[in-house]
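Those protein sequence lines, which keep their order, are chains A and B. Heads up: the first sequence is residues 1 to 116, going by the working numbering. Heads up: the second sequence is residues 1 to 336, going by the working numbering.
Note that these hints are calculated values from the structure, not bench results. Treat the hints loosely; a few may be bogus.
[To be verified] Here are some, though not all, of the chain B residues that point toward chain A, as calculated from beta-carbon distances under 7 Å:
1) V8
2) L9
3) L10
4) V21
5) S42
6) D48
7) Y102
8) P116
9) Q118
10) S119
11) I158
12) P204
13) Q249
14) Q253
[To be verified] Straight line, CA to CA, 35 Å or less: simulated DSBU-like cross-link-like pairs of lysine-lysine:
15) A:K114 to B:K85
16) B:K200 to A:K114
17) B:K24 to A:K114
18) B:K24 to B:K85
19) A:K31 to A:K114
[Claimed, not checked] Derived coverage of chain A by chain B (criterion: at least 3 residues anywhere in the stretch with Cβ under 8 Å from a Cβ of chain B; other residues may be distant):
20) 59 to 71
21) 82 to 96
22) 110 to 116
We put the CB at the ideal spot given by N, CA and C, even for glycine.
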Amino acid sequence: MLFGLYNYWIVVALMMLGFYIIIAHSNLIKKLVGLSIFQTSVFIFYISVAKIEGGSAPILEADTTLYSNPLPHVLILTAIVVGIATTALGLALTMRINEAYGSIEEETIQQQDKQL
Amino acid sequence: MEAIVDVVLLSFLVAVVIAIVWMKDLFAVAMLAGIYGLLTASFFVAMDAVDVAFTEASVGAGISTLLMLVVIAKTGRFERPTRHKPLLALLVVVVTGSLLIYGTFDMPYFGSAEAPAQSHVTPRYIDDSFEEVGIPNIVTSVLASYRAFDTFGEVVVIFTAGIGILGLLSGVARREEEVDIDAINETMHEDHMVLRIVAKILIPFILVFALYVQFHGDYGPGGGFQAGVIFAAAIILYSMLFGLDTARQVINQAWVRMIAAIGVLLYGSVGMVSFLNGGNFLDYNVLMEDPIAGQHLGIILIEFGVGLTVTAVMIIIFFNFAGRQVTPKADNNKGV
């Protein structure tokens, strides 16, 4: 099958693009966006693994026998909400950094640190 | 047909992320991140993960975009172009990516029912959860009963993040809170009139829908996590359109902090009560005479606790972000 591994390749592509943003950009908000893209790529990976061809959503019904795997759904559901809470914490740190340094660019912050 | 939806949605995701990498305007980045969240949610629906899609739609496309916009409003809109060459970063990314792609060749094909991930504990959840827990939504059974201890940990993480944000952002004196509420009401019908009136009509329905998602989570997609985010979204919508100070009159911040703690406490107490009744931590079978009734009671209680904590923490996050005073030094960055 040509598209048998397509989902996983996309996951790798998204993960690497997120990773690239984290290491190559110096703006802290952009870095956090990259981090959440990285995180979402893992979510997409888990949910792709859970899918069964011809399966149904994991809510029990009388005439359905094939369901997608509920376990990854549970893990990712909670991970999304934990993810927003930690991203918010990161954004709060960014705001404090901005107040202390007057900038959220990594290079400017490092220059100011060296001057001290 | 499913395959086409899958391929199209995933390709869109990659296109959006490439746009995010290029954009220097952080406002556009935040908007694209919102689109990214919505596309991910649509993808999750296509993958039969309805509960997850629910959460991602309200979190990824809603709350996270909003928080980013609030922060961008205070830190400056444009990203400075980097001076150093990103060649090394590109090299690292390409090498890591190729190794990961090489790794995928050992993966079972997408959608295969024989994949190792579908064996082990999953058949038990699908076959026996109705007899053991007695509710049709398997995701809720696993989340709130089989893996309740795990979920307890997640709730504590969310609570801790809320405390962290309070510690980071609530220290400095806020803006003058003596804003005249009457003045807001007078101008109300002039500024954003359409938005405000539509919001007034919508907010009660959003709140009722959140309650439905909270208490119907056993039977359909939903549960405490989703309901908490939706409930908080209604309150955040209100604060955005009618001003933070008006919203502070409606929602007492001290209470909200209490509620965040009460949610975690309620969750933990259910576990302690099962201890006292002679069972394991969070074993709901011993809560009542009939094990199934006990399971129902336990799940409703802990989902309610989750809902309380998530709502309260989301409100705490938004109020502390938006209410943060801009210090003079931070203005240096504007327009760079």
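Item to check | Violated constraints from the hint list, given by number and in increasing order | outcome: 1, 2, 5, 7, 8, 10, 12, 13, 14, 16, 22
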